[in-house]
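Note that the protein sequences, when read in sequence, are chains P and G.
Numbering (my numbering) for the first sequence: 104 to 383.
Numbering (my numbering) for the second sequence: -1 to 298.
Simulated from the structure, these hints should not be mistaken for laboratory data.
Keep in mind the model is a prediction, meaning the values are calculated, not measured.
No residue lacks a Cβ here, since even glycine has one placed at the ideal position from N, Cα and C.
Incorrect hints may appear among the rest.
[Said to hold, decoys possible] For each label pair, taking beta carbons as the anchor points, the in silico distance ranges come out as:
| # | chain 1 | residue 1 | chain 2 | residue 2 | range |
| --- | --- | --- | --- | --- | --- |
| 1 | G | L192 | P | W220 | 41 to 51 Å |
| 2 | G | R60 | P | L306 | 35 to 45 Å |
| 3 | G | I133 | P | W220 | 32 to 42 Å |
| 4 | G | G28 | P | P208 | 21 to 31 Å |
| 5 | G | Q141 | P | L204 | 34 to 44 Å |
| 6 | P | P168 | G | L192 | 54 to 64 Å |
| 7 | P | W167 | G | Q141 | 17 to 27 Å |
| 8 | G | D183 | P | I196 | 26 to 36 Å |
| 9 | P | T165 | G | H54 | 29 to 39 Å |
| 10 | G | A253 | P | I136 | 49 to 59 Å |
| 11 | P | G147 | G | P147 | 13 to 23 Å |
| 12 | G | W209 | P | A192 | 53 to 63 Å |
| 13 | G | Q237 | P | H222 | 52 to 62 Å |
| 14 | G | W209 | P | D283 | 45 to 55 Å |
Okay, here's what each chain looks like letter by letter:
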Amino acid sequence: MESRPVVASAHRHDAWCIVVTTRLPAPHLLRPIALLALVLFSLGPMLLLVLQSFAFGWRWPTLWPDTLQLDAWRNVSSGTLGRGLFTSAGLAIATTCAAVLFALPIARGMATLPRPWSHIAAALVFLPVAAPPIALGAGLHVVALQLGVAGSWSGVWLAHCVPAVGYATLVLTGVLSTRDARDEEVARTLGASAVHRWRYVLLPQLRGALTEAAAVAFLVSWAQVALTLLVGGGAVRALPIEVLALVRAGQETEAAVGAVLLVLPAMLALSALRRGAARV
Amino acid sequence: MSRSLTTPAASRLPLLAAALVAAPVLVGAGYAILASLGLAGPGQAANGMLDASRWHFVLSSRSTWWSIGWSLQVAIISTALATLGAVVVAAAFSTSTRADRWARGVATLPLPVPHLVAAASALLVLGQSGLLARIGYALGLVQTPADMPPLVYDAPGVGLMLTLAWKEWTFLALVAIAVRGSIGDLYDETATGLGARTWTRWRLVTWPLLWRGLLPSVIAVFVFALGSYEAAVLLAPVQPAPLPVLTMERFADPALARRGDAYVLALLALGIAALAVGLHEWSRARWSRLHTDTTRGASS
C-alpha cells in the first residue's frame, strides 16, 4: 500500500514521457521549427507595428485591419511627426559628430594607461553610460540651467553628448588598446608630423572602429527619451517625445508610424555598425 | 611601444580626460546631494541650514521601498529571461553552417529597436485587445478583452518584464555568440575525449566559460532594465510606480518642496548603478585575467 503513490507517480511520469515524446516533432523538424520561432519572435512585433501603421479601423476581435491606407504616412511631412523627425535627425547627427571628435583623443590616451589607472579611467567613462537616464537627466538639468541652455535644442544636444561620448570612448578604447602602435612609431621615425600620422596611419586603421563609435553615438541620441524630456522640458519635441505622446494618447496608427520612423534609421545605424565591425 | 613614450605628466592627462567625461554626472550628483539636503534648488531651506528631512521622508516612505523592490524584481527577472534566451541561441545555432549564421543574424536584428518602440509594440501584442487576445478569441479561449489576463499595467509587471527581456536578449545573444566563438572547441573535445557526455560538457565546460564572458554584459543589461523610463511609463502599473517613473513624477511635481524627493530617488538609483559599475569592472577584470590564462594554457 505504501508504495502506491510512488508507483502512481512513476506511472504518471511514464505517461507524461510518452505524451511528450509522441507530441514532439521529429528531430529533423525541430531545427526548422526553432528557426521559424526565432524569426517570429525577433521580427513579429516589428511587422505588427508596420501593419498597424497602415491600419484604419482595426476593431476587436479581427486578426487583420478592416482597411489598409496611407493616410497616416501622408500626414508625416505636415504633422508633428515630421517636425520631430527633423529635430531628432539634427540632434543625432550633431551628437554623433561631437561624440566621435571628443571620444577619439580621450580613448587614444586611455589606451596607453597602465593598470590600475586604465580600470579607473574605464569606470569613469562607464559612469555616464551606466547612470540611469532619469538620474543622469536630473543632474544634467542643473548643469543646463547653470549654462542657460535648459529647454533649448543646444541644451538637449549637450545632454545627449554626455552618454554618447561615454559609449563612443568605450568602443574606441576597446579597439585602441589592442591595436599595434608600431606603425605610428615607424611613421614618426620616418619624419611624419602629428597631422600626417593621424591622417595616414591612425584614421585608416580606425575607420571600422570610428564607424562603430559613430553608429552607437547616433543610436544613443536617436532613441533618447528621458534626457530630452528632463533637459528639454517639453519644449524640444524630438521624435521619441512625439511617439511617446501619441502612444499615451491611444493614437495607435500615428504612434506606429512614428515607431517605424524611429526604427528605420536605427536599422541603418546597425548595418553601419556591422560593416564597421567587419573592418576591424 | 606606445607606453614607453608616455611621460608621467602625459599619463595623467588621459585620466583627466576620462574624469571630464564623467564630470557632468559627478556635478549632477553633487548638486543632487545638496538639493536633497535642502542646501540648493527647489525646496531649499530658508535659513540655508542642512536639512535631512527629505532623506528621512523618502527613506521612511513605504512607496519608495515598494518601488525599489518592484523595479529590482522586474530588472532581475527580465535580465534572467534575456540571458536564458541568449544562451539558448548561442548554444543552438553555434555552427558555421549557412542556416546557423542566418539564425544568428535574425536573432540580433531587433538590437537597434529603441525601448520606446519595443514598449509600443508590446502594447499591440500583449494589450487586452492586442494580438494575443485576438488569437485567443480565434482559438475560442477568450470571448471579450476582459477575459484576457492583464499583461500590461499589471501588478507583477509581466508585460514590462517580457518587453525588457525581448529588447535586451538580442544584445546578450550577440555577446554570447561572440563568447561561444572565442571559447572554441578545444575544451569540448578534451572533455569528450575524457568521456564527458553532452550535458556534462555543457554544465562543466561550456556554461562556466560562457557565463564568465557574458557576466559584464548581463550586469549592463540589468542596469539598463532598471533605469528604463519609457518602457516603464508605458507598461507598468500605477502602484507601485517603477523607480524611474516615481523619480520623474517627483521631479515634475507642482509642489516645489516635493521636488527634493526626486533628487533623493535619483541618488538612490545612481547608488545602485554605481554598485553595478563596480561589479561590472570587477567581472571584466576577472574575465580578462581568466581569458589571458586560458589563452596561455591553450597555446602551451
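These are the hints, each one checked on the structure:
Roughly 42 Å separates the CB atoms of L192 of chain G and W220 of chain P, a value that falls within the hinted 41 to 51 Å. For R60 of chain G and L306 of chain P, the Cβ-Cβ distance of about 57 Å falls outside the hinted range of 35 to 45 Å, so the restraint is violated. About 56 Å separates the C-beta atoms of I133 of chain G and W220 of chain P, a value inconsistent with the hinted range of 32 to 42 Å. Distance hint check: the CB atoms of G28 of chain G and P208 of chain P are about 26 Å apart, consistent with the given range 21 to 31 Å.
For Q141 of chain G and L204 of chain P, the hinted distance range of 34 to 44 Å is not satisfied, since their beta carbons lie about 60 Å from each other. One distance hint, 54 to 64 Å for the beta-carbon pair P168 of chain P and L192 of chain G, holds here, with the actual separation near 59 Å. For W167 of chain P and Q141 of chain G, the Cβ-Cβ distance of about 20 Å falls inside the hinted range of 17 to 27 Å, so the restraint holds. Separation of D183 of chain G from I196 of chain P is about 44 Å and departs from the stated range, judged on CB atoms against 26 to 36 Å.
Taking the beta carbon of each, T165 of chain P and H54 of chain G are about 55 Å apart, not inside 29 to 39 Å as hinted. Between A253 of chain G and I136 of chain P the CB atoms are about 56 Å apart, so this pair conforms to the stated range of 49 to 59 Å. For G147 of chain P paired with P147 of chain G, a C-beta distance near 20 Å keeps the hint of 13 to 23 Å intact. In this structure the hint that W209 of chain G and A192 of chain P lie 53 to 63 Å apart at CB is violated, the actual value being about 40 Å.
Hint check: Q237 of chain G to H222 of chain P, Cβ distance near 41 Å, so the stated range 52 to 62 Å is violated. At roughly 31 Å, the beta carbons of W209 of chain G and D283 of chain P sit outside the given window of 45 to 55 Å.
In summary, the numbered hints that this structure violates are 2, 3, 5, 8, 9, 12, 13 and 14.
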